[in-house]
Amino acid sequence: MLKGIVLKIPSDDTVVESVQTFVEKIGIASGVSEEDVTGLSISVMEVVKNAIEHGNGGDPRKLVTIYIDVYSGRIQFIVDDCGSWQPEVDLGHEPGEGDALISSRGRGVLIARNLARWLDYGLNPEGKTRATLIWPLS
Amino acid sequence: MLKIKEESKDGVKVIRLSGKVISGPDLMDLKSVFQTAVSNATGNVLLDLGHVAWMDSSGLGVLVSGHTSLAREGGRMAILNATKKIQELFIITKLITIFETFTDESEALSSLKE
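From first to last, the protein sequence lines are chains A and B. Residue numbers for the first sequence, in my numbering: -12 to 125. Residue numbers for the second sequence, in my numbering: 28 to 141.
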């Protein structure tokens, strides 16, 4: 089992693709099917992109930390940023109506939640935003 | 990888996508296809998603932006053959309420010609 993997990435969109490739490799090594591994990487990257944008304001000096642990029956991703934002407050609970529906805010969280089935937002011990995403392994 | 094919059918621009509609350089190509359609006053666009396996929020953003830009110029965008996975994305993001979706190409083309 893979445990204790820690990635620290700058809040820079250009690194997102290589993180996505890495997540897919972890998925395949953990037994996620070829068909589902894109869903896994999309859901993790939606969370990471939110951390870059909403947590760190796209400031490349601020880091996003990703902790990856593979347990029996699940892969756990913990994504920490440097902000103290809450998706329900900052992005809204629902996609909204009219102009709010057209705006792009909050779609990433909905997609990640739908694909992974488990995504929870809270605070880490330093009081910064922490997302925990769990991907079940069959 | 995203593949984009364009053709014109009965005066409607048909854009056929295959692969993954996710963030990355390929998405820029799709963005510019929409931009060209809007600047050339193409009118109505039928977007065939029958061979799209995955889409993320950035991909959805490009579709929404294409839809609104066309609407602003008096055009319409309809979606053809969205797979179950993509249809589910439209439902959870409520975009199903703004996108016209079809499973039959001739029906879609007739609707867009109206």
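It is possible that part of the hints are untrue.
[What the hints assert, rightly or not] Calculated lysine-lysine pairs in the BS3-like style (CA-CA distance at most 25 angstroms, straight line):
hint, chain 1, residue 1, chain 2, residue 2
1, B, K47, A, K12
2, B, K140, B, K32
3, B, K140, A, K12
[To be verified] Covered by chain A, per the in silico footprint, the following chain B stretches (three or more residues, Cβ under 8 angstroms):
hint, region
4, 46 to 58
5, 76 to 84
6, 87 to 94
7, 98 to 111
To be clear, the hints were calculated from the coordinates, so they are not data collected in a lab. All C-beta atoms, glycine included, are put in the ideal place defined by N, C-alpha and C.
Structure-based check of all given hints:
Simply put, B/K47 and A/K12 have alpha-carbon atoms about 18 angstroms apart, close enough for the 25 angstroms limit, and the pair holds. With a C-alpha separation of about 21 angstroms, the suggested pair B/K140 and B/K32 falls inside the 25 angstroms cut-off, and the hint holds. For the hint linking B/K140 to A/K12, the alpha-carbon distance of about 46 angstroms lies beyond 25 angstroms, and the restraint is violated. Coverage of a stretch by a chain is defined here by at least three residues with a beta carbon nearer than 8 angstroms to that chain's beta carbons; for the region 46 to 58 of chain B and chain A the count is 4, and the condition holds.
Judged by the Cβ-Cβ criterion of 8 angstroms, the region 76 to 84 of chain B is covered by chain A as claimed, because 4 of its residues qualify and three suffice. Interface restraint, the region 87 to 94 of chain B with chain A: holds (3 residues with C-beta to C-beta distance below 8 angstroms; minimum three). With 0 residues having a beta carbon nearer than 8 angstroms to a beta carbon of chain A, the region 98 to 111 of chain B misses the requirement of three or more and the stated coverage is violated.
Hints 3, 7 from the earlier list are contradicted by this structure; the remaining hints agree with it.
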